[in-house]
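Number of protein chains: 2
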Amino acid sequence: MPQLGLLPRKAWVALLSQILRPPHAACPRAVRFHSQVSRTESSRLLQQGLQVAEAVLTSQLKPNQEKSNFIIKTPKGTRDLSPQQMVVREKILDTVVSCFKRHGAKGLDTPAFELKETLTEKYGEESVLIYDLKDQGGELLSLRYDLTVPFARYLAMNKVKKMKCYHVGKVWRRESPTIAQGRYREFCQCDFDIAGEFDPMIPDAECLKIMCEILSGLQLGDFLIKVNDRRIVDGMFAACGVPESKFRAICSSIDKLDKMSWKDVRHEMVTKKSLAPEVADRIGDYVQRHGGVSLVEQLFQDPRLSQNKQVLEGLGDLKLLFEYLTLFGIAEKISFDLSLARGLDYYTGVIYEAVLLQTPNQAGKDSLSMGSVAAGGRYDGLVGMFDPKGHKVPCVGLSIGVERIFSIVEQRMKVFGEKVRTTETQVFVATPQKNFLQERLKLIAELWDAGIKAELLYKNNPKLLTQLHYCENMGIPLVVIIGEQEMKEGVIKLRSVASREEVAIKREHLVGEIQKRLSDS
Amino acid sequence: MPQLGLLPRKAWVALLSQILRPPHAACPRAVRFHSQVSRTESSRLLQQGLQVAEAVLTSQLKPNQEKSNFIIKTPKGTRDLSPQQMVVREKILDTVVSCFKRHGAKGLDTPAFELKETLTEKYGEESVLIYDLKDQGGELLSLRYDLTVPFARYLAMNKVKKMKCYHVGKVWRRESPTIAQGRYREFCQCDFDIAGEFDPMIPDAECLKIMCEILSGLQLGDFLIKVNDRRIVDGMFAACGVPESKFRAICSSIDKLDKMSWKDVRHEMVTKKSLAPEVADRIGDYVQRHGGVSLVEQLFQDPRLSQNKQVLEGLGDLKLLFEYLTLFGIAEKISFDLSLARGLDYYTGVIYEAVLLQTPNQAGKDSLSMGSVAAGGRYDGLVGMFDPKGHKVPCVGLSIGVERIFSIVEQRMKVFGEKVRTTETQVFVATPQKNFLQERLKLIAELWDAGIKAELLYKNNPKLLTQLHYCENMGIPLVVIIGEQEMKEGVIKLRSVASREEVAIKREHLVGEIQKRLSDS
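Chains A and B, in that order, are what the protein sequence lines are.
Per UniProt numbering: the first sequence = residues 1 to 521.
Per UniProt numbering: the second sequence = residues 1 to 521.
Note that these hints are calculated values from the structure, not bench results.
No residue lacks a Cβ here, since even glycine has one placed at the ideal position from N, Cα and C.
Please note: incorrect hints may appear among the correct ones.
[As the list claims (entries may be wrong)] If you only want the chain B side, here are some residues facing chain A, beta carbon under 10 Å, derived:
#, residue
1, Leu81
2, Lys164
3, Cys165
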């Protein structure tokens, strides 16, 4: 039998790399082997590998062992929306989509999953949060992580050079969910994007106007939109002495400034990302500054930044942007904020993020606790990444985080004790008598066929009181009552649930009378 | 260094089971090891294992090697919906959801994926079509296969005993896609369900009424709803001599009768599912029968079937159902069809499936080519499968297959050359002059703030003709024109794109005038 040392090196590498792969590593190729692995080293690696293999096996056995005490639940970080919640979400989506349509956007829809490769190298450090599908044969697939990359893929695939559109759908991220803060692993995004070659900053300004209209329309309380420019971020890094290879990594750290203190972010940059402390401090000087157009003017004079071409381009565009925002009447909602970096790789120009200054009835609490409720920016290179010839289509867009907004609206409704109707039923078909199911069914079919929203109880002989209680509980405004007496006289009673008034109406006039009452109310 | 034989057996098993796991096996536990593995056997297994390991590594490397010739596409069996298609789909969903609301349904939403165990043992032979997510640590998840199982899980989880609701969302099935027939791997379903203990057949009849209203409302041409009862199917199997263990398998075969001839289905039952030929022939006698309520009466007299308790229950309910369908005025749309079996495991009572008799402008072609466009049935046991104590909540529901309906509507629009507007823009802000961007931006913000749907070109100095052409192409009805002359006079020109008429309006009256014109039209 073969000793370990007698195995061909290639086989040995294959063997070990299979074993040593950590349970859920993204890719076994991450494990590197030196061309000369010593025998002792091999043995140590094998022992270590076996431990890993055992751990893998144990963890994989767990689900089956647990089968007997299977708990009914939704997957971690996801939730159902109950009828009450659906009413709230529909209202939010209505406000958002109406605004998008007000700005001339067309609709678009893309599949929930994409080829895995479509998503690679688009999200920087966040890539680890992508959900992959199991390889069941055929293509390797991943659930979409946002709606921006699928949109860019759509443009490139269909060679669309110009388009203003909106895109509403669920996206999935394997984040550690903090459900209290409205952070989920499955959540709904509403995106608006403008693709095409245009004069500078006009579409960008419209995106910010849209964010303001939506946040005002949803009545979420006071908000602020932080604005920066990726070129200013990168130029500032360069000017402060960050090596170019570390730009994206440092950018990700800066992006955490809304959740972490500068001290912690600095610590991460210096220890985890090996940035020189003096470089970190230079960055620290800048990222703690924010203001209006005057900060733009001030940085034009900054001795370090004003030497950097990228920074100057960014500042020039921001100046123009502020001019347009003033014309739109929203300049006071916008703050030029050097701490805004946006973690995603694909941004190339203006970036922005809306935060609520305080959620209603939460005055005094940390104003940043909800995180951003809307964000976006310019991504001029993303479409080109999909085009075989690299043809670019400049894009700018925004994304509304419905889930967080939902949490706020829901909480507010609880506080105010607001009640919502979960159905739209207008008329209830009732009877005080037994054996009237046939008449009730004939009557309700007539109402449905006339487009009237109607219900009855699915019982052969319900009590009249039960039927009337149902209407009161469900907020149904009208009841038609049919009984023997009415049948004889060729009439039907129409009752208003609120006033309890009843009138007799000729059977053939019933539909017309109901429609008249409903259009009056 | 250790020889292979010196490794502890447990470690050796762990090692080999890691290696021997076939590239995409569902579970490494499928590999069994005897307690006494001989040394020669070990060596052979290891060699074999290494080959597998190499194959795994090679296959995992492939995606990267192929990167250079990566083709931009959506995953197999999925598609984007372009703005034109979105308009069509929204129209279909509107018709469907309005009907659900007309019948008093509340909204519900569930996550795109469920715990894998939630979906097991619900779909019979179709289970192989479920998409699993990759195990990236944590729970084992699968994409939902329909909306019925998540709905039942919702009821059980929240201990809801009574509910009438609708549920619209995407579901995923790893089918061999035939896109020409409107079959996809990702598709949108619209479900309506009634849960609760009620008097028999009233909710069932309402489900059929809803299917009729929707199919009529969508103007898809003539249609027929096939009806049967799972108890009649099972009772017929028993009466014909099918062993009980083969009920579900034979049911799946029968379910293919809409796509395969009886001869082929019989062949499958006899050869693949080892059914005795004489039993198959007995079934064949029945499944080729269909008709109205008279067939129900006829089967009550059938010497074989009338001996079976289940069949009698099913026939009794169908008789009552036909009575209600007559009251609803839809009995002539319904065909009692013994070939209808429905493949899914969870049905327990009435089942139904709507087929278009011929798609518009396709007279003469095979009337069944589109498959079913809507289907459903009664599933009284599904909720109980999730309840720890097995408490049942009887349910009946239906599902509208939006994708197939979409294909038909889209085709019809192509035939009729119907054009759709993809935006809702009402007003375009134009100028004949240079350097008027600021005025245009101020003006359009005023329109947006008044809720008017407005657009402008993202150019500093667009040509007037370009602007007017844009309006004509996009079907925008009104243009406001602002220039130096108008500025001086304090007016704005309002132009109707269709009539090309222009009137001057005082600037302060503009919003009011536009709103008046839009509400008049």
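Going down the list of hints, with the structure as the test:
no.: 1; hint: Leu81; in the structure: holds (4 Å)
no.: 2; hint: Lys164; in the structure: holds (8 Å)
no.: 3; hint: Cys165; in the structure: holds (6 Å)
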